[in-house]
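For any residue, its number in my numbering is found by taking its place in the sequence shown, counting from 1, and adding 319.
Some hints here could point you the wrong way.
Simulated restraints, written as ranges between beta carbons of each label pair [what the hints assert, rightly or not]:
1) Lys-394 to Ser-433: 28 to 34 Å
2) Lys-405 to Met-347: 33 to 39 Å
3) Ala-422 to Thr-373: 15 to 21 Å
4) Ala-359 to Gly-419: 28 to 34 Å
5) Leu-330 to Tyr-421: 30 to 36 Å
6) Thr-387 to Ala-422: 31 to 37 Å
7) Gly-361 to Lys-394: 33 to 39 Å
8) Gln-320 to Ser-381: 14 to 20 Å
9) Gly-374 to Asn-402: 17 to 23 Å
10) Lys-394 to Ser-336: 16 to 22 Å
11) Ser-371 to Ala-406: 17 to 23 Å
12) Gly-419 to Gln-358: 35 to 41 Å
None of these hints come from the bench; they were simulated from the model. The beta carbon of each residue, even a glycine, is placed where N, CA and C say it ideally should be.
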Amino acid sequence: QAQLVESGGGLVHPGGSLRLSCAASGIMFRLYVIDWYRQAPGKQRELVAGISSTGTTNYADSVKGRFTISRDNAKNTGYLQMNSLKAEDTDVYSCSAKWGAYALWGEGTEVTVSS
């Protein structure tokens with residue numbers, strides 16, 4: 320069964336770091352585009368970062384220079400390294416895996432940035 324499972328969220332102080340993981344199973348992971356999104360209650364979902372099957376990356380302006388997306392195809396896992404976290408980064412972060420018209424989503428992991 321195809322699924323994505325996110326992990327690595329939690330509570331961190333402003334300026335701190337977290338590394339989110341997106342573990343895939345049941346798909347040919349290396350073929351998929353991996354995206355990280357975030358969404359807070361009542362707010363629109365925002366694309367944070369994406370990485371193509373060939374390793375090309377893109378970032379939202381709000382996270383450029385602070386977040387780094389990567390993937391390990393041997394481990395079927397995508398990552399989002401988040402540094403210099405700010406209070407406004409507090410959200411539920413979800414990953415998606417896309418191949419053509421097919422998209423698979425995880426349940427999300429909560430990130431709270433607070434002093």
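Checked hints:
no.: 1; hint: Lys-394 to Ser-433: 28 to 34 Å; verdict: 31 Å, holds
no.: 2; hint: Lys-405 to Met-347: 33 to 39 Å; verdict: 36 Å, holds
no.: 3; hint: Ala-422 to Thr-373: 15 to 21 Å; verdict: 19 Å, holds
no.: 4; hint: Ala-359 to Gly-419: 28 to 34 Å; verdict: 30 Å, holds
no.: 5; hint: Leu-330 to Tyr-421: 30 to 36 Å; verdict: 34 Å, holds
no.: 6; hint: Thr-387 to Ala-422: 31 to 37 Å; verdict: 23 Å, violated
no.: 7; hint: Gly-361 to Lys-394: 33 to 39 Å; verdict: 35 Å, holds
no.: 8; hint: Gln-320 to Ser-381: 14 to 20 Å; verdict: 34 Å, violated
no.: 9; hint: Gly-374 to Asn-402: 17 to 23 Å; verdict: 20 Å, holds
no.: 10; hint: Lys-394 to Ser-336: 16 to 22 Å; verdict: 21 Å, holds
no.: 11; hint: Ser-371 to Ala-406: 17 to 23 Å; verdict: 31 Å, violated
no.: 12; hint: Gly-419 to Gln-358: 35 to 41 Å; verdict: 24 Å, violated
In summary, the numbered hints that this structure violates are 6, 8, 11, 12.
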